[in-house]
Amino acid sequence: MSLISIMFSRENLCNLVVIKGTKQIHTFFLFKIHMNIITKVVSYLIIIFIILSLNFFLPRMMPAGPLSGLTSSDKTVLEQYTNYMTNLMHGDFGWSTSKNAPVWDVLMRSLKWTLLLVGTSTVIYVIVGILSGAVSAWKKGKKTDVGLLVLLISMASFPPFFLGMLFIIFLGWKLDLFPRFGAQTLFIDYSTPFGVVLDILHHLALPAATLTLTSIGVIYLLTRNSMLNVLGEDYILTARAKGLSEWYIVRRHALKNAMLPIITLVALIVGLVITGTIFVETVFAYPGVGMLVADAISAHDYPLLQGAFLFIALAILAVNFIADMIYVHLDPRVKQE
Amino acid sequence: MSILKLTHLNVHFPTQDGVVKAVNTVDLEMANGERLGLIGETGCGKTVLGMSIIRLLQLATKVEGKIVYKGKDLLKLSEEEMRKIRGKEIAMILQNPTTSLNPVLKVGDQIAEAIQLHQGLDKRAAKEKAIEMLESVKISSPEKRANEYPHQFSGGMKERAMIAMGLACNPSLIIADEPTKGLDVTIKMQIVKLMKEVTKRKSMLFITHDLGAAAEICDNIAVMYAGELVEYAKTEDIFKNPLHPYTRGFLNSLPSMGLKPIRGMSPSLIDLPTGCRFHPRCDHASAKCKTEHPEMVEIENGNYVRCFLYT
Chain A
1 MSLISIMFSR ENLCNLVVIK GTKQIHTFFL FKIHMNIITK VVSYLIIIFI
51 ILSLNFFLPR MMPAGPLSGL TSSDKTVLEQ YTNYMTNLMH GDFGWSTSKN
101 APVWDVLMRS LKWTLLLVGT STVIYVIVGI LSGAVSAWKK GKKTDVGLLV
151 LLISMASFPP FFLGMLFIIF LGWKLDLFPR FGAQTLFIDY STPFGVVLDI
201 LHHLALPAAT LTLTSIGVIY LLTRNSMLNV LGEDYILTAR AKGLSEWYIV
251 RRHALKNAML PIITLVALIV GLVITGTIFV ETVFAYPGVG MLVADAISAH
301 DYPLLQGAFL FIALAILAVN FIADMIYVHL DPRVKQE
Chain B
338 MSILKLTHLN VHFPTQDGVV KAVNTVDLEM ANGERLGLIG ETGCGKTVLG
388 MSIIRLLQLA TKVEGKIVYK GKDLLKLSEE EMRKIRGKEI AMILQNPTTS
438 LNPVLKVGDQ IAEAIQLHQG LDKRAAKEKA IEMLESVKIS SPEKRANEYP
488 HQFSGGMKER AMIAMGLACN PSLIIADEPT KGLDVTIKMQ IVKLMKEVTK
538 RKSMLFITHD LGAAAEICDN IAVMYAGELV EYAKTEDIFK NPLHPYTRGF
588 LNSLPSMGLK PIRGMSPSLI DLPTGCRFHP RCDHASAKCK TEHPEMVEIE
638 NGNYVRCFLY T
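Residue numbers (our numbering), protein chains in the order written: chain A, 1 to 337; chain B, 338 to 648.
What the hints contain is simulated information worked out from the structure, not anything from laboratory work. Source: prediction; values computed, not measured. There may be inaccurate statements among the hints.
These stretches of chain A come out as covered by chain B in the derived footprint (C-beta under 8 Å, 3 or more residues) [what the hints assert, rightly or not]: (1) 236 to 244; (2) 293 to 306; (3) 322 to 334.
The beta-carbon is built from N, C-alpha and C at its ideal position, and this holds for glycine as well.
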């Protein structure tokens with residue numbers, strides 16, 4: 001699963017390789033400057049085509065083969081492939097054998113929960129990660145920095161499913177503060193819509209906290225390092241020579257520069273978090289796309305698996321696209337072209 | 338009346354290889370309205386001297402002595418009080434404009450933020466003032482340029498923008514660190530002319546290794562070698578009659594004077610030579626120079642030199 005996400009974050013991996021020096025990053029992005037909108041759109045279309053093809057072939061390479069589970073087994077692979085592609089163009093994602101419903105409908109029912117879970121935690125870990133990284137770099141070597149470093153790095157070293165289990169055991173079961181599974185309480189009539197929202201948030205708290213706490217460390221560490229590099233630059237000295245306050249310098253002069261190498265990496269991390277929801281949703285029995293994937297694997301439901309993979313891959317691609325747009329917005333040297 | 342007086346200034350950095358003695362017992366006084374050139378080779382401590390005045394060195398740096406600006410010892414001020422002086426009272430024009438301008442902020446905004454901070458103007462008024470400043474350093478179509486980013490500026494224009502930034506709050510003292518470094522000859526001439534014009538009736542410490550630029554702009558010149566001053570004289574005297582062997586060597590190494598370099602290398606600031614710091618490279622060195630350290634002595638009407646040839 002994560003293999004797929006990494007493959008389609010290929011561009012990000014290139015960035016990861018050159019993260020060591022900001023100067024190198026800039027030369028790398030010079031290549032980007034010359035890519036105008038059309039080539040960008042074309043490259044995204046090509047990537048989508050590759051995703052679709054891999055999405056077709058990868059499940060067919062799995063042990064226990066999907067052919068046994070599919071009715072169209074009398075056709076050749078090539079025929080199946082063209083069939084699959086044509087159907088997709090018509091919005092037909094196939095029939096889920098385990099849920100006995102169209103894949104599209106099954107996915108749509110789960111998608112909102114995953115969006116809620118990943119969306120909420122992503123907003124929190126990106127913002128908190130970047131701010132804590134900036135503060136840490138600003139207070140380098142002081143108690144605040146060391147405290148944040150130890151806390152967030154130890155949080156990041158927990159595997160999500162393990163932290164999730166700890167939460168369920170202690171907060172869900174021993175203390176009985178949070179529900180232990182699901183996205184909302186079933187068979188309960190709430191008199192007000194407020195009650196429904198509260199119930200949903202109550203269910204969301206533990207899985208979102210798990211995803212947030214285990215993801216925050218990476219963003220924090222990247223921001224801290226990038227920020228430390230930027231704070232040593234000459235223009236920071238210029239800003240100090242103007243008599244500006246340290247926090248103003250961090251906020252206005254350093255953060256924007258420090259963000260440049262981080263943005264594309266954030267897209268990569270969001271990709272990894274999206275795949276990470278498979279574990280978190282399974283642990284919390286949260287009815288999202290991730291749990292659907294786990295179910296589909298154990299039920300050998302290949303059409304559903306393909307559909308879910310496709311959704312996840314497209315989501316990661318979308319995040320990459322957003323990162324590209326933000327980058328262009330932040331760096332005037334790219335915007336000019 | 339003096340605007341700046343340095344007394345027994347020492348600046349030392351602890352590093353892994355030992356203590357870097359960048360500035361050693363420097364005594365220097367600048368009169369109000371004086372433009373003083375601080376001259377020396379790369380790595381002689383002149384930039385560190387400039388930065389120590391405005392207190393922009395790292396926290397670990399040990400600065401001892403007195404830096405008296407308008408009667409106040411800057412070394413005794415709190416960081417908060419010092420911030421009110423930086424940019425407003427004392428401005429520093431840092432070297433390397435290419436890396437000293439923030440690449441992601443508009444040039445006009447980078448100038449305006451100091452004006453906004455120190456003169457209490459709102460954003461719009463500060464931006465207008467910034468455009469005026471760009472105009473005063475002779476940048477054409479300043480309204481358009483103010484909204485551009487540093488990468489859209491040429492090297493000479495970046496230097497002009499740095500100068501505009503330094504002058505923005507009308508400071509009493511300007512410390513200019515190598516503003517002509519890395520510019521080609523014609524641009525350099527323009528910048529020197531501009532510096533001379535905009536600093537008229539202002540006090541400026543002009544740090545440079547470009548003797549021609551210093552001769553054009555400065556009233557007096559102080560020569561620095563291995564972290565200490567070796568000669569101080571009026572500009573015309575130093576060119577007509579250089580006293581210290583190092584100053585003479587420095588002048589002779591100019592292309593127009595025959596391009597004769599001083600033999601040897603400038604010493605490491607960690608491991609300074611005994612006696613006179615210049616003796617290993619000096620043609621006039623005697624046994625005394627190797628063991629005893631010469632003091633600054635006055636030769637005639639305010640010209641000083643640190644050399645046993647004149648005692």
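Task: Those earlier numbered hints the structure runs against, lowest number first - done: Violated hint (a single one): 2; every other hint is consistent with the structure.
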